[in-house]
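J.: Just so you know, we're using full-length UniProt numbering here: the first sequence kicks off at 1 and counts up by one.
Just so you know, these hints were derived from the structure itself, not from any lab. It cannot be assumed that every hint is accurate.
Unchecked claim - So the derived label-pair ranges between C-beta atoms look like this:
#	residue 1	residue 2	range
1	137	244	27 to 37 Å
2	75	241	55 to 65 Å
3	258	280	18 to 28 Å
4	141	111	17 to 27 Å
5	36	283	36 to 46 Å
6	233	281	20 to 30 Å
7	176	30	53 to 63 Å
8	137	280	18 to 28 Å
9	39	109	16 to 26 Å
10	272	176	40 to 50 Å
11	189	130	17 to 27 Å
Stated by the list, open to error - Here are the simulated DSS-like pairs of lysine-lysine, each with C-alpha atoms no more than 25 Å apart in a straight line:
#	residue 1	residue 2
12	178	150
13	29	54
14	54	160
15	29	100
16	100	150
17	34	54
18	100	34
19	34	64
20	160	178
Even glycine gets a Cβ: it sits at the ideal position worked out from N, Cα and C.
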Amino acid sequence: MPEGPELHLASRFVSRVCAGVVFSGLVEKSEVSKNSEVPFTCDAYCITATSRGKEVRLTLTPIKEEGEPHGGKACQPMDIVFRFGMSGFFRFTAGSELPKHAHLRFYTNETPRRALSFVDVRRFGSWEPNGDWQTDRGPCVMFEYQTFDKPICEVMLNQKYFNGIGNYLRAEILYRLKISPFMKARTVLHGLLPKKRELLEVKPEQGQCQPLQDSEMSLSKKIKMKMESPDILDLCHSVPMEVINMGGKGYDPEKPDDYSTFQAWLQCYYVPGMKSLRDHNGRTIWFQGDPGPLAPKVSKSPKAKRKGKKQGEDKTDKQQGVKGEPPAKGIKKEKEGAQNKRVKSHSESKKTKENKRKGSRSSEGRKQKSKLEREEDAPGTAVPRSQHQRSMQTKSEKDS
DNA sequence: GTGTCATGCTCGCTGAGCCTGACACT
Numbered sequence: 001m002p003e004g005p006e007l008h009l010a011s012r013f014v015s016r017v018c019a020g021v022v023f024s025g026l027v028e029k030s031e032v033s034k035n036s037e038v039p040f041t042c043d044a045y046c047i048t049a050t051s052r053g054k055e056v057r058l059t060l061t062p063i064k065e066e067g068e069p070h071g072g073k074a075c076q077p078m079d080i081v082f083r084f085g086m087s088g089f090f091r092f093t094a095g096s097e098l099p100k101h102a103h104l105r106f107y108t109n110e111t112p113r114r115a116l117s118f119v120d121v122r123r124f125g126s127w128e129p130n131g132d133w134q135t136d137r138g139p140c141v142m143f144e145y146q147t148f149d150k151p152i153c154e155v156m157l158n159q160k161y162f163n164g165i166g167n168y169l170r171a172e173i174l175y176r177l178k179i180s181p182f183m184k185a186r187t188v189l190h191g192l193l194p195k196k197r198e199l200l201e202v203k204p205e206q207g208q209c210q211p212l213q214d215s216e217m218s219l220s221k222k223i224k225m226k227m228e229s230p231d232i233l234d235l236c237h238s239v240p241m242e243v244i245n246m247g248g249k250g251y252d253p254e255k256p257d258d259y260s261t262f263q264a265w266l267q268c269y270y271v272p273g274m275k276s277l278r279d280h281n282g283r284t285i286w287f288q289g290d291p292g293p294l295a296p297k298v299s300k301s302p303k304a305k306r307k308g309k310k311q312g313e314d315k316t317d318k319q320q321g322v323k324g325e326p327p328a329k330g331i332k333k334e335k336e337g338a339q340n341k342r343v344k345s346h347s348e349s350k351k352t353k354e355n356k357r358k359g360s361r362s363s364e365g366r367k368q369k370s371k372l373e374r375e376e377d378a379p380g381t382a383v384p385r386s387q388h389q390r391s392m393q394t395k396s397e398k399d400s
């Protein structure tokens, strides 16, 4: 059941049923659950919920009673972040009729009392008292969709999407693609979608569109096309590989201070004549040409202020924006930051490997699905056919 | 009664294991 939409609906359910309801006392955990106790107790509190991706956050907020003495033992609000595993959900029932597998219970202060329960049949779900959204999760596909409206140069430094790309690589890649650094990431990535004519081939004799089979385009033709017009993903692979192939003459030269090979290879980053701007995260992006529609408003650099003009304002100036310092100096300056970046990349590579494994596992799972299931699984279908059939059968059996 | 499968995630390794319930099959 629980994917993003289900978790969001669960948060709405909690907020709806708990609106105006006062909860009281301890938060009760089932004995069998291995999750941690929730160290929260309060005479009167309310519950609200929000969601982000596959997480739901319950906020327990104490209600201040009138006449409560100041300086008394006041309860503190608490956030509890839930992950639903394979079978988690919330139910609001009478306290005497707790659902089976209700592993965390919040009781109302009414008589008879009612209970909001976190129900989890398989116990793969978890909760984290005083928790927050997991930091290694990407943006919520439902409510942080606008993340992809950020400039491509900023998205490229997000290691969740481009694990391994740093400041010099993004500059080189965008330069080679002739892409404005402040173009919307969505626009650039949308360009990766196959064009209609590549996806569909009209067979006049049938009057139908058929998917173009891989085999219908020869491998050599594909390679030729790729070499002629590589896309951003191609370059995110090939450009770093070029650096690797420099051996000991790349960014971290084996000979101290011998940046000559690397400098000769750079086409944009710190190259005299190229422009540079600070992106919205304060990182300097090097580029050529128009910065793009989302470029930040340029504040006057001290030099420009003295000259009385904004960066990039003077169209006659071929070097719009901040001109680069001599390459070697700039490279050395960047090295510290790059080293930090490498440490971060290392810690994140673990996650990437996991994701790859998951991907391969899920594809295995798909292979195991029957042909019927594959054909009838519609995008967004919450219940797989096999399980859906089972539950429907169960229901009909019960009904009968 | 047994085996398999299910929408997630972690550990520590490239799959196994955590869990329960429903269903198919013998």
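J.: Please write out, lowest number first, the hints stated earlier that are contradicted by the structure.
T.: Numbers 3, 4, 10, 11, 16, 19 - these are the hints that the structure violates, sorted from lowest upward.
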